[in-house]
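Between the sequences and the hints, there should be enough to build the whole structure, so can you do that?
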Amino acid sequence: MGKSQERPVFPHLRSPVRPIKTGSWRTFKPVVDQEKCNSCLICWSCCPDGVIVKVEGELRVDYDYCKGCGICGNECPRAAIKMVRNS
Amino acid sequence: MASIKNLPDEELVYGSLACAGCGGNLALRIALKVLGKKTVIVTSPCCVMGSTTFLPQLAIEVPCVTAILPGTAAVMTGIAAGLKRRNEQDANVVGFVGDGGTLDIGLQSLSGAMERGERFIYICYDNEAYMNTGNQRSGSSPLGAYTTSTPGGEKKMWKEQSKKDMLRIVAAHNIAYAATASIAYINDYTRKVEKAMEARGPAYIQVLSPCPPGWGYEPNNTIQCARLAVQTGMWVLQEYQQGNMRLTMRPAKRKPITEYLKAQDRFSLLGPEDIQSIQEATDYQWETYYGRLESSK
Amino acid sequence: MVQKEYLSGNSALAFAVKLAQPAVVSVYPITPQTSIIEKIAEFVSNRELDCELISVESEHSALSACFGAACTGLRTFTATASQGLAYMSEVLPYVSGNRFPVVMAVVNRGMAAPWTIWGDHQDAISQRDTGWIQLYVENAQDALDTCLQAYRLAEDPEILTPVMVCLDGFTVSHTDEIVEIVDPEKIRSFLPPYNPPVFIDFDNPTTFSVGMPPDYYTPYKASQQIAMEKALTKIPEIAQEFEQYSGRPAGGLLRQYCCEDAEYIVVAMGSVVGTVRVVVEKLRAQGRKVGVLAVRSYRPFPVKEIGEVLNKCKAIGVLDRNCSYGYEGALCTDVKSALFDGDKQCRVLNYIAGLGGKDIQPSDIEQIFDDLEGAVQKPKNPDSVIFIGLR
Chain G
1 MGKSQERPVF PHLRSPVRPI KTGSWRTFKP VVDQEKCNSC LICWSCCPDG VIVKVEGELR
61 VDYDYCKGCG ICGNECPRAA IKMVRNS
Chain D
1 MASIKNLPDE ELVYGSLACA GCGGNLALRI ALKVLGKKTV IVTSPCCVMG STTFLPQLAI
61 EVPCVTAILP GTAAVMTGIA AGLKRRNEQD ANVVGFVGDG GTLDIGLQSL SGAMERGERF
121 IYICYDNEAY MNTGNQRSGS SPLGAYTTST PGGEKKMWKE QSKKDMLRIV AAHNIAYAAT
181 ASIAYINDYT RKVEKAMEAR GPAYIQVLSP CPPGWGYEPN NTIQCARLAV QTGMWVLQEY
241 QQGNMRLTMR PAKRKPITEY LKAQDRFSLL GPEDIQSIQE ATDYQWETYY GRLESSK
Chain S
1 MVQKEYLSGN SALAFAVKLA QPAVVSVYPI TPQTSIIEKI AEFVSNRELD CELISVESEH
61 SALSACFGAA CTGLRTFTAT ASQGLAYMSE VLPYVSGNRF PVVMAVVNRG MAAPWTIWGD
121 HQDAISQRDT GWIQLYVENA QDALDTCLQA YRLAEDPEIL TPVMVCLDGF TVSHTDEIVE
181 IVDPEKIRSF LPPYNPPVFI DFDNPTTFSV GMPPDYYTPY KASQQIAMEK ALTKIPEIAQ
241 EFEQYSGRPA GGLLRQYCCE DAEYIVVAMG SVVGTVRVVV EKLRAQGRKV GVLAVRSYRP
301 FPVKEIGEVL NKCKAIGVLD RNCSYGYEGA LCTDVKSALF DGDKQCRVLN YIAGLGGKDI
361 QPSDIEQIFD DLEGAVQKPK NPDSVIFIGL R
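Residue numbers (the working numbering), protein chains in the order written: chain G, 1 to 87; chain D, 1 to 297; chain S, 1 to 391.
Simulated from the structure, these hints should not be mistaken for laboratory data. We put the beta carbon where it would ideally sit given N, CA and C, even for glycine. Misleading hints may appear alongside valid ones.
Taking lysine-lysine pairs in the BS3-like style, the calculated list, with each CA pair at most 25 Å apart, reads [what the hints assert, rightly or not]: (1) D:K163 / G:K36; (2) D:K163 / D:K253; (3) G:K82 / D:K5.
A partial selection of chain D residues facing chain S, derived with a Cβ cut-off under 7 Å [unchecked claim]: (4) F54; (5) L55; (6) G71; (7) T77; (8) R86; (9) N87; (10) I105; (11) L107.
The structure is reproduced here in structure tokens:
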């Protein structure tokens with residue numbers, strides 16, 4: 001919680017609150033080859049954090065929250081996702 | 001019937017501080033897609049609580065209540081009663097708890113809640129140890145596993161007892177619906193969550209949720225581990241309904257358990273004779289029990 | 001016509017619960033509170049009380065279920081004693097830390113070992129630091145009146161702190177007396193419906209009972225202390241309000257009898273106060289300047305108010321129905337701190353009595369007053385904890 005936010009009156013708080021961008025954790029990041037991808041949604045279904053999003057008919061990664069676990073790259077049946085060293 | 005193709009896009013848990021590749025987080029994410037927004041999640045001290053309900057990060061987007069470890073099912077009972085009084089009994093009251101909080105310390109309150117027969121869904125995400133505190137053995141840890149309280153050493157002190165068969169304990173309460181699941185079989189899991197929602201009484205799902213740091217494998221292999229567990233017959237996908245236990249997946253030919261065991265550091269204490277005896281025990285279970293169950297339609 | 005019934009303390013408390021109309025009541029039996037939940041179950045079965053009655057499988061679950069129901073914004077109740085209170089001990093700070101106004105009857109019973117079913121205060125006193133308000137009643141009428149005031153206090157938006165209504169096992173819980181049942185119409189005015197500040201709302205998702213890192217934890221806990229301190233003002237206010245509805249004085253932080261000019265005062269909690277009062281009357285008739293101070297609110301502890309009553313005394317006997325082993329009775333320690341800023345000439349003697357239900361006789365109390373008068377002449381004795389009833 002930022003300094004600007006008040007101290008909680010009760011330990012019951014509106015959610016979600018997500019100041020920590022877990023994307024800062026990763027060493028490798030997934031890169032989707034849109035040519036190979038046929039939107040089978042297997043990567044979307046097995047991403048533990050749900051950071052693969054359906055945008056304009058494509059599957060893209062929310063790099064703010066992607067932890068780089070690599071499950072998507074492992075499970076893609078068409079090898080359309082490569083894990084690339086985080087730049 | 002809920003499946004990958006028709007699950008809603010909206011994420012109801014996002015920004016969790018769980019480890020990269022956390023099986024439990026995936027289990028929660030998928031369950032919430034099936035359950036929808038009129039759901040209250042009840043959790044207890046466990047990985048999920050630590051990673052989604054601890055300030056500054058609150059990652060769950062439906063009402064969520066944290067409970068004390070022995071009492072999740074009792075808190076769920078109170079919530080269910082309260083929602084009934086407020087005429088909101090159509091809401092899902094869903095416990096999402098680790099194995100320790102389910103079948104060790106939480107067993108009493110879960111048994112009581114099942115016996116009382118209220119309508120709730122209890123999902124145990126099973127990472128086979130007390131992972132939140134750094135991998136100590138629970139009743140759900142498999143035979144032969146390394147944990148920090150069964151660390152092997154000169155005394156070969158690995159987990160010496162078999163995994164507690166919680167599904168049969170739950171089934172003995174004769175509740176409306178009970179099942180085992182694995183995050184490698186998403187459509188099987190989503191269908192079971194749906195059935196749990198339709199059940200007119202207590203429903204229980206135990207979903208195998210591999211844990212990269214605890215089980216000792218690279219995070220990208222979480223789904224593969226969850227798959228091998230089923231393919232080797234070490235984790236059996238079943239469901240219990242109306243007094244009948246049935247298989248929802250029957251491996252045509254079970255892979256040798258070494259494929260599953262070798263994929264994880266936690267079984268590295270075992271020698272070939274130990275693995276052989278576990279293989280024989282698994283074969284025996286399939287021969288005398290699992291193999292004889294009917295399959296679900 | 002005021003409704004009067006011949007009731008035990010437990011029954012009177014059940015009548016209070018019926019008047020308060022909680023939405024969810026969780027029940028688990030333990031001697032000597034069981035007849036509270038039996039009476040409530042009877043009310044529910046006869047449609048005299050409309051609530052969800054949950055028979056849980058343990059006391060830990062009893063309070064956990066109340067916590068769950070409180071998350072949905074409803075009034076709740078449960079009852080326990082002794083081992084049951086100890087079993088739910090981790091849930092006590094859970095409820096108070098979450099600021100849920102649960103009201104729980106604790107029928108005070110000694111803790112094993114050795115096993116006992118009879119009354120003393122060890123159970124509730126052992127849980128005094130859990131952030132619950134603790135009110136100790138003297139008799140069945142007091143139990144009924146205090147339970148109703150407890151809801152009013154707990155649910156006050158400035159307080160929002162759970163309350164234990166403590167009554168002595170068997171002495172109060174199982175002794176019948178004539179009790180006035182307050183008119184339900186009057187209770188409707190005295191006790192409005194609970195208006196929860198936060199509750200489960202699917203349109204506005206909230207995470208309940210979050211984890212807090214150190215920077216947030218301390219100021220949060222300080223806010224609980226502030227609420228408890230406010231209760232010191234609220235308790236007498238609510239007692240006065242209740243008097244208007246019930247037509248009789250009932251409640252407050254303390255009850256004094258003959259304390260204004262007393263030189264020797266016995267301080268006590270619970271039913272034994274009645275015994276001390278009888279002795280005070282007898283000794284006053286002989287011209288001795290004695291009095292009794294009943295502490296009703298043990299937490300929050302009315303340290304200032306007690307100091308004001310006791311500071312003029314020559315000697316004080318604190319009668320503890322508990323013992324903080326390794327030191328002295330808990331009430332005595334707290335009373336001494338109330339005297340800290342005052343005239344330190346006053347002597348304080350601690351009497352541990354009535355443990356495990358041992359009857360406290362008027363002769364025991366007379367002995368205390370004799371000791372107090374003798375103590376003023378003698379030099380201070382550090383060995384000032386006296387167990388009454390040693391064979």
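Okay, the hints, checked on the actual structure:
no.: 1; hint: D:K163 / G:K36; verdict: violated, 42 Å
no.: 2; hint: D:K163 / D:K253; verdict: holds, 23 Å
no.: 3; hint: G:K82 / D:K5; verdict: holds, 23 Å
no.: 4; hint: F54; verdict: holds, 3 Å
no.: 5; hint: L55; verdict: holds, 5 Å
no.: 6; hint: G71; verdict: holds, 4 Å
no.: 7; hint: T77; verdict: holds, 5 Å
no.: 8; hint: R86; verdict: holds, 6 Å
no.: 9; hint: N87; verdict: violated, 11 Å
no.: 10; hint: I105; verdict: violated, 11 Å
no.: 11; hint: L107; verdict: violated, 11 Å
Hint compliance for this structure: hints 1, 9, 10, 11 are broken, all remaining hints hold.
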